[in-house]
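Enquirer: Here the protein sequences come in this chain order: V and U.
Numbering-wise (the working numbering), the first sequence opens with residue 1 and increments by one.
Numbering-wise (the working numbering), the second sequence opens with residue 1 and increments by one.
Keep in mind the hints are simulated off the structure, nothing from the lab.
Just so it is clear, the structure is predicted and the values come from calculations on it, not from any experiment.
When the alpha-carbon atoms are kept at most 27 angstroms apart in a straight line, the in silico DSS-like pairs for lysine-lysine are as follows: (1) V:Lys263 - U:Lys265; (2) V:Lys112 - V:Lys247; (3) V:Lys33 - V:Lys92; (4) V:Lys3 - V:Lys48; (5) U:Lys226 - U:Lys383; (6) U:Lys25 - V:Lys246; (7) U:Lys24 - U:Lys92; (8) V:Lys422 - U:Lys161; (9) U:Lys269 - U:Lys225; (10) U:Lys24 - V:Lys247; (11) U:Lys247 - V:Lys24; (12) V:Lys86 - V:Lys323; (13) U:Lys233 - V:Lys263; (14) V:Lys80 - V:Lys39; (15) U:Lys247 - U:Lys263; (16) U:Lys263 - V:Lys161; (17) V:Lys269 - V:Lys422; (18) V:Lys323 - U:Lys25; (19) U:Lys25 - V:Lys247; (20) U:Lys233 - V:Lys161; (21) V:Lys365 - V:Lys422; (22) U:Lys112 - U:Lys91; (23) V:Lys3 - U:Lys323; (24) V:Lys39 - V:Lys87; (25) V:Lys161 - U:Lys265; (26) V:Lys269 - U:Lys161; (27) U:Lys269 - V:Lys263; (28) V:Lys251 - U:Lys22; (29) V:Lys422 - U:Lys265; (30) U:Lys269 - V:Lys161.
Pulled from the structure, derived: some chain V residues nowhere near chain U, Cβ distances all over 12 angstroms: (31) Val337; (32) Phe348; (33) Lys365; (34) Gln375; (35) Ser378.
Backbone N, C-alpha and C define an ideal beta-carbon position, used for all residues, glycine too.
Protein chains: 2
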Amino acid sequence: MIKIGIVGVGTVGQSVANILEKNKKLISARAGKEITVVKGVVSDLSKKRDVNIPLFDDPNEILDDDSIDIVVELMGGTEKPFEIIKKALYKKKAVVTANKALLAYHRFDLQKIAGDIPIGYEASVAGGIPIINALKVGLSANEIMAIKGILNGTCNYMLTKMIEEGVNYDEVLKEAQELGYAEADPTFDVGGFDAAHKLLILSSIAYGIDAKPEDILIEGIEEIKKDDIEFAKEFGYSIKLLAIAKKNNGKIELRVHPALVNKDKMIAKIDGVMNGISVIGDCVGETLYYGPGAGGDATASAVISDIVEIVRAGQSSPMLGFKKPFLSENLTLVQKVDIHSEYYLRMFVNDEPGVLASIAEILGKNAISIETFLQRPSDNNKKATLLCATHECRERDILNAINDIESLPFVSAKVVMIRIDK
Amino acid sequence: MIKIGIVGVGTVGQSVANILEKNKKLISARAGKEITVVKGVVSDLSKKRDVNIPLFDDPNEILDDDSIDIVVELMGGTEKPFEIIKKALYKKKAVVTANKALLAYHRFDLQKIAGDIPIGYEASVAGGIPIINALKVGLSANEIMAIKGILNGTCNYMLTKMIEEGVNYDEVLKEAQELGYAEADPTFDVGGFDAAHKLLILSSIAYGIDAKPEDILIEGIEEIKKDDIEFAKEFGYSIKLLAIAKKNNGKIELRVHPALVNKDKMIAKIDGVMNGISVIGDCVGETLYYGPGAGGDATASAVISDIVEIVRAGQSSPMLGFKKPFLSENLTLVQKVDIHSEYYLRMFVNDEPGVLASIAEILGKNAISIETFLQRPSDNNKKATLLCATHECRERDILNAINDIESLPFVSAKVVMIRIDK
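Isolated chain V (complex conformation) (with noise of 0.2 angstroms):
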């Protein structure tokens, strides 16, 4: 038998518990033994939880209890659990953890004290859907040329009903707030830093490179407006919160922005709270996985699997998927500015003779050519918004035409901005 102790028994925690007990039978003939969760820890004893094990208030109940195989860390945080981790893999017991946050900050010191200790983190990224085990085993074979993910199910659902109901921004926050989907400070879905997370594990796993959070561009989706809502439905696009790990020139790029996606893409049909990532190799082309994201019994799904697997191979390849020498050889980040996009643009501005001359004028003179221009009767006589789309271009040049626009007399507001992802 395989024992389980538990670290964080919240939502995820408790499916866990009790997916565990619920598919015993099941997951014992897949798994080839019979697993069994014996202890659980929670910071607060006083709250109650629907689960079947014995509680306790100290993580130590569990690292120093020598009958236990298995240590899940379900509690959320940075250092705290990575303490945790770290005396689980010093006892020698096999980890699983759900925490994108630890690993976007930790996943090679972990990699580095694992050794040989398996360490799974299916369900940090995308939830549900298994994407780290695909990385890591399924498409071994390949060079991965991008990754392109809806990784923030929270987002999707916002720019989802704007897309399809014409809601507007604050509306669909306040809507998704409600529902749950949105937290009250709504700063790290919304802002992409949690995509961004997800995003620097799967590059991991695919190049071998070691981001930080800060080292890579990160916008999120707050400036969207009906503007650009009805510009992407004119011209065939969807909009989404884009995570994307793609090579360059034998660099990478990473990057979390909103993008205009042609709605034709696979990526462009995952709707609402879903999280979907394509992948595409050099050998198999593009392969798309789809699934819930979030929620308890779907994120539990993943951090079974890991125990399965764990307890069938014990660790069968290192945490991110690769052996010395390490992939990330002569690999470096490609520089923000450096990213080559197409982009959209919106500008408000008063509505007078020469306005289109000078923008045009910047926007040539910064290299940058027009692919799409569109300027609509506006209610208001003496202002006009401009919506126009770039052919591809460099990050610097978009930036110092727009840097150049904003400071044009005429030009009333920031210029919006929002890469197009063909």
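We have chain V; now place chain U onto it with these hints.
Expert: Using the frame of chain V, we list chain U on its own:
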């Protein structure tokens, strides 16, 4: 160093050898050891192959070579590869195969013979999509409620063309043949047999059930006509050849047939030659896997993922993903006539009084209630086509009703029935 021998160096075999060479550094870093293809076996040595390995025409050249660790079987057929794989296992060599026909008949024999020797078969279902691994590992916490797969690219290409461009069956078949998507004798694909082989493999992992092709309902796409396509479009459906495994009152339904699928479902959005599999688990809900179901490099991607996994872990779990007691304890197949579904019927009748009343009476008598009915004015004013969709009923009842309808004097052709998968 791990040495590989490939039996059958056709399109996929050449891709396997060439990708293992091209991505050698990457794949070695992931597997933890260098992997080298040392020999290939072909039936006709005079045919030129684009590979850098010595070729032989006798499988024993590989089977009797004690330095070879893994035998990759890519020859096609059933009995001959079965003998070769048995000999490889007897010689304690790990095996990787892409042979779905072999597995459709002999997967349980192979699991028994293999014991602890690894057998990989990721490439046997849905080409480059790592669906075997998702079911064996990623979803191992779940009781699988249903699998719905688009597992045959030829059929999906043809149906997509018929729907998007209104091309008729014969025309699109010819086009698919010219593009190399369909064989000169297309029966194996368009008749649903290829999809059925793959479904049987998936259903064994999900349910541990040992069925053969002849045990299950298999219908192809040959009877689908423009009228059906138009009905589908009018009522918000797509038409897909679905391979379905699902639990139904403690029994298992296995069936392959064309189905009208609500066009808003993710599985309905998988178009062209691509494959996709929707899996419903009791904890995770729906996850979906999308990608290329065929092609040399895509299939080789799956073959190599098995090789890497074998090199990393050896046998991490039994071939079909479970140990005794078998999952299939107490699980039996639902009889074909006991399936429950909604149905669409197309009837070609004389346009005369009383026709509709007689048909409606037959449906009512068989406990079938109508959900949608459509009769359009006909070019031929003596004949009419009636299209109808039913509420859920038993297959037995709909078959009886069709039998009765076909015996009516004014019904002048076979009634066409397509199941509806809402």
